[in-house]
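Protein chains in written order, with my numbering: chain G, 1 to 283; chain C, 1001 to 1414; chain X, 2001 to 2335.
A few of these clues could be false.
Stated by the list, open to error - Some residues of chain G that are not near chain X, with every Cβ distance over 10 Å (derived):
| # | residue |
| --- | --- |
| 1 | ASN85 |
| 2 | SER133 |
| 3 | PHE147 |
To be verified - One-sided excerpt, in silico: chain X residues whose CB lies under 7 Å from chain G:
| # | residue |
| --- | --- |
| 4 | PRO2219 |
| 5 | LEU2220 |
| 6 | VAL2246 |
| 7 | GLY2256 |
| 8 | LEU2262 |
| 9 | THR2268 |
| 10 | ALA2275 |
| 11 | ILE2276 |
What the hints assert, rightly or not - Here are the computed distance ranges between Cβ atoms for each label pair:
| # | chain 1 | residue 1 | chain 2 | residue 2 | range |
| --- | --- | --- | --- | --- | --- |
| 12 | X | GLY2316 | G | GLY56 | 41 to 47 Å |
| 13 | X | PHE2061 | C | LEU1025 | 38 to 44 Å |
| 14 | G | SER191 | C | TRP1236 | 31 to 37 Å |
| 15 | C | MET1242 | X | PHE2061 | 39 to 45 Å |
| 16 | C | SER1312 | G | GLN80 | 24 to 30 Å |
| 17 | G | SER191 | X | PRO2309 | 34 to 40 Å |
| 18 | X | ASP2070 | G | GLN255 | 52 to 58 Å |
| 19 | C | LEU1313 | X | GLY2080 | 57 to 63 Å |
To be clear, the hints were calculated from the coordinates, so they are not data collected in a lab.
Quick caveat: nothing in here was measured; it's all calculated off a predicted structure.
Glycine included, C-beta positions come from ideal geometry on N, C-alpha and C.
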Amino acid sequence: MSETRERKDYTNSPLCLSGRGVTKIFGLGDKKTVAVDHVDFDFHEGEFVSIVGESGSGKTTLSKMLLGLINTSEGEILFQGKPRNISSGRKKREYWKGIQAIFQDPFSSFNVFHKIDSVLLDCINMRGGRMLSHEKKVEMMTEACSFVNLKFAELTNKYPFELSGGQMQRLMIARIFLLKPRILLADEPTSMVDACSRATILDMLLDLRDETGMTIIFITHDIGLAYYISDTVYIMEHGRFVEYGKADEVILNPQAAYTKRLISDVPKIHEEWDLSTVELKAE
Amino acid sequence: MKNTLRQVFHSSKFLVGFILFVLILLTIWIYPFLNPGNPLEMIGVGTFAKPGTYVSVYDALNTGTETLRLPDADDKRVDQLLSDADRVSMLEWFDIMEIDVSDLDATDTEALLDLWFEHYDQSIKPKGMTQAKRNFYKRLDNSVRQIRSADTLKIMHPEEGELVERGSINKTDYVNVGDVANVKLLPLGTDNFGRDVLKEMVSATGTSIVIGLIAGIVATLIGLTLGLLAGYVGGWVDDIIMFITNIFTVIPGFVLLILISYSIGQEQRGASVVAIVIGLTSWTWTTRSVRSQVISLRNRDHVNLSKLSGHSLVRIVATDILPYIASYVVMAFILQVSSGILAEAQLSLLGLGPKTTVTPTLGLMMNWAMLYSAHTNGSWWAYFPVILTITLISFSLNLMNTGLDQVFNPTLRD
Amino acid sequence: MGKVILEVHDLKTKYVTRFREDVYAVDGVSFKIEEGKSLGVAGESGCGKSTLALSMMGYYFPPLHYISGDIIIDGKNISGLDPDVVRKTILGTEIAYIPQAAMNALNPTQKIIRFVEDVIRAHNPKADKKEIRERAQTRFAELGLPKEVLDKHAVELSGGMKQRTVIAVSTILSPKVLIADEPSSALDVTSQKMVIKMMRELMEKGYIKSMLFITHELPLLYNVTDDIMVMYAGQIVERGSAREMVFDPIHPYSHGLMGSILVPEEGTRGTTLTAIPGTPPNLKKPPQGCRFAERCRYATDECRYHSVPEKQFDEGRGYCCRLSVDQLREAYKNE
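With these hints in hand, go ahead and build the complete structure from the sequences.
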């Protein structure tokens, strides 16, 4: 078992990604829904940030905006201190060299028609390794796989669907390891993975951060998980951040009513789970 | 890919349909070698010759004979010559003459003829019988007597103004069909123009399948392109494409097809033109299903990931979208081919099919059979095998489609 | 020791795949639940816990097939009965089953009262409409559900409300055993808490005599059930009281599972999560020895090639491993 991880303070490191008044509105007129409502945030380099929210809180919409997969309706996102510009395909591609993602469902994250080798080779090519010799490429893929405790020799020529969910998510991390982006956005990467594989994946994300110093934005609904893994926690309710701060401060001493409720509604094991806080009545 | 193919051929439905279709294709390919020549050659002068083997009478006469004494030869001969109507007329005669025939079996030719010769006399003029009727009985009597009497037919040949006997045919003379110089097998008879129906039909099946394929390819290509554009690009592109698709869906395709076919004019309507017209009116279904598939795929994480990897739109569509919908497209294509063949048949039946005197199509064959009243005069061979072939083709294609559906749609699995 | 309400003895069921392969999803499961007690089943996806729930109803339809074993409810053996008989005489009165997606199973065109009528009339076809309504209203009031819900359609209710309504309707005949398979996993935490509270009230007010609660969420199980059973690869590997199981698991698999619990409580940030390498065995060809041996860091050759002596999980503590409790505890201490 590894040593207890050292927790550094990242609040003074340079800003990596920040947002001012970021808003996303879907639909028009009467059907208008505000998914993300004027949120401000500052993510620092090397910081492990969690965005916690229940379903419908807008956290996935926010993550798509951060990734540049959908446009913002309002507000500004700053990448490394400068306003982000992703107006053209070329600029988008440039931006995506700096930010990558791991998605929730490993089974839909892979193109089932592509072999594992081509998934990894793609990453090497994207990093400008197209000209490398075949041996060098294999060496890089082997290194990436061993980082996530997979054996490349066993994976080569296999298809992603021949792996378990946990292994697929680890392969996703191997992909990130090869790409080495400045920011990794992990959208509930463990929610569809078994408890036992979950620990491995979380561990690997922390290793990845420690090794490369990348910023990890972790989106989750599980406040316990967020508390365990992150340096900074943002609590999201109905498209707004109701509270944010260092994990210890937010979880152990919550200020916002919503955070308090969220924490009290999660079953615990050391403290009594107080069922009297909910009334059985019509919602 | 290999695994998918194995699964596909694991499906008994697909396999049966596939084998059936391949057999049809093999027939189209092999039959012309067995029976070469122009399928539209009018070999018969009359219309609607019955299916069977045709032996040249002239050649049969000039073929060496063997004498066979078959005990039931006479009876068969008489049975064939004496039709049921003749027998009824004979019974009528006995009735007029008030002869008791209660213990006579009309199918017993021997007994019937005995009684006839015993009682019939050409000089008897029953009361109330018309002259025509009496003549009829005379002719009947003559022919019946001939059956009984003549054992030998003489072959006469005119030479220098006189008939010279060249030979004779005995009732016991037989020729070997294999020795006769000209024998023609017409398994499905001839049609109204005196054309070999089977040969024509094999050629027509080929043409119809080609029409179906062209129609299917045209419809699938249009449907796929529009569906991909509408589904993946979305926004106003989607709105416009769906608007057009909806218009085409609302207007009944077949009516459109008739109007287009009619307006093209008879002279321009070749088989391929008709096929393209069919394809142009039947792409809406493919567009809709491809679009809905693409929309659900567009938001899948692997597409997002592909975007994040900086892949171009063309590459994403080609590698991350197309392979996923390939099975649906293949299924849609098979259905399009099947419905294309049916649409051609319907159009041709209405007289709007390909205008051609070079190649027949299944629909045209039905059209001709209908125009020449094959269905009312009992010439089933002119249209029934055609209907059967159309049914078999679309059955085999639909079977393949259902089989594929079961493989690719897990919810339909049993 | 109280009266045994539910007894399952050596239950074996299998799935038949479309390639005619057998998957032994529940392979020799035995346990008992006493009156007034609840038992939780924990395990990873694919361990057979949901199949166990389906198998316990005695309601088999392809691809699930019954092989052998007994399911005895209050002295009555229901295994091997005809599905039709099970539906008419067992479901609703003896056993009620709530799957995860129960709330999506409500026909959107029907009012809730119709479902109540269906449940009651399946057992008493002559039941009077007015009586049914009164009975439903009383029960709904007891469980904190407004009576207006009865005249609503399923689509008008929120997810949590729907799930609570389903539970109230399916337990209206006061079944002896309630089997709940992840009843709250699809809900947000607040609705989940309401569902749990309601289930606890059902127990406290005696509307159900015992409960089998299946989930992969361990902190939830710890707070809901008296006992916890851990299932792995179609078999039960350990059973004990909730406290024992969470704080002192014996079986290496349970130990790994409990070591992965994450709760927002002080102190969890410093801990290290345990991870179990590898993947569960293929249940088409279960390994001959201990099923966990491939992934167990303490496994010996003996574990791999000889089956583990069978253990009963009737009551109290039990585990299924060749190593002794002391050996295992010592090993965990040195980690």
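To see whether the hints hold, each was checked on the structure:
no.: 1; hint: ASN85; in the structure: holds (37 Å)
no.: 2; hint: SER133; in the structure: holds (33 Å)
no.: 3; hint: PHE147; in the structure: holds (15 Å)
no.: 4; hint: PRO2219; in the structure: holds (4 Å)
no.: 5; hint: LEU2220; in the structure: holds (5 Å)
no.: 6; hint: VAL2246; in the structure: holds (6 Å)
no.: 7; hint: GLY2256; in the structure: holds (6 Å)
no.: 8; hint: LEU2262; in the structure: holds (4 Å)
no.: 9; hint: THR2268; in the structure: holds (6 Å)
no.: 10; hint: ALA2275; in the structure: holds (4 Å)
no.: 11; hint: ILE2276; in the structure: holds (4 Å)
no.: 12; hint: X:GLY2316 with G:GLY56: 41 to 47 Å; in the structure: holds (44 Å)
no.: 13; hint: X:PHE2061 with C:LEU1025: 38 to 44 Å; in the structure: holds (42 Å)
no.: 14; hint: G:SER191 with C:TRP1236: 31 to 37 Å; in the structure: holds (36 Å)
no.: 15; hint: C:MET1242 with X:PHE2061: 39 to 45 Å; in the structure: holds (41 Å)
no.: 16; hint: C:SER1312 with G:GLN80: 24 to 30 Å; in the structure: holds (26 Å)
no.: 17; hint: G:SER191 with X:PRO2309: 34 to 40 Å; in the structure: holds (38 Å)
no.: 18; hint: X:ASP2070 with G:GLN255: 52 to 58 Å; in the structure: holds (56 Å)
no.: 19; hint: C:LEU1313 with X:GLY2080: 57 to 63 Å; in the structure: holds (59 Å)
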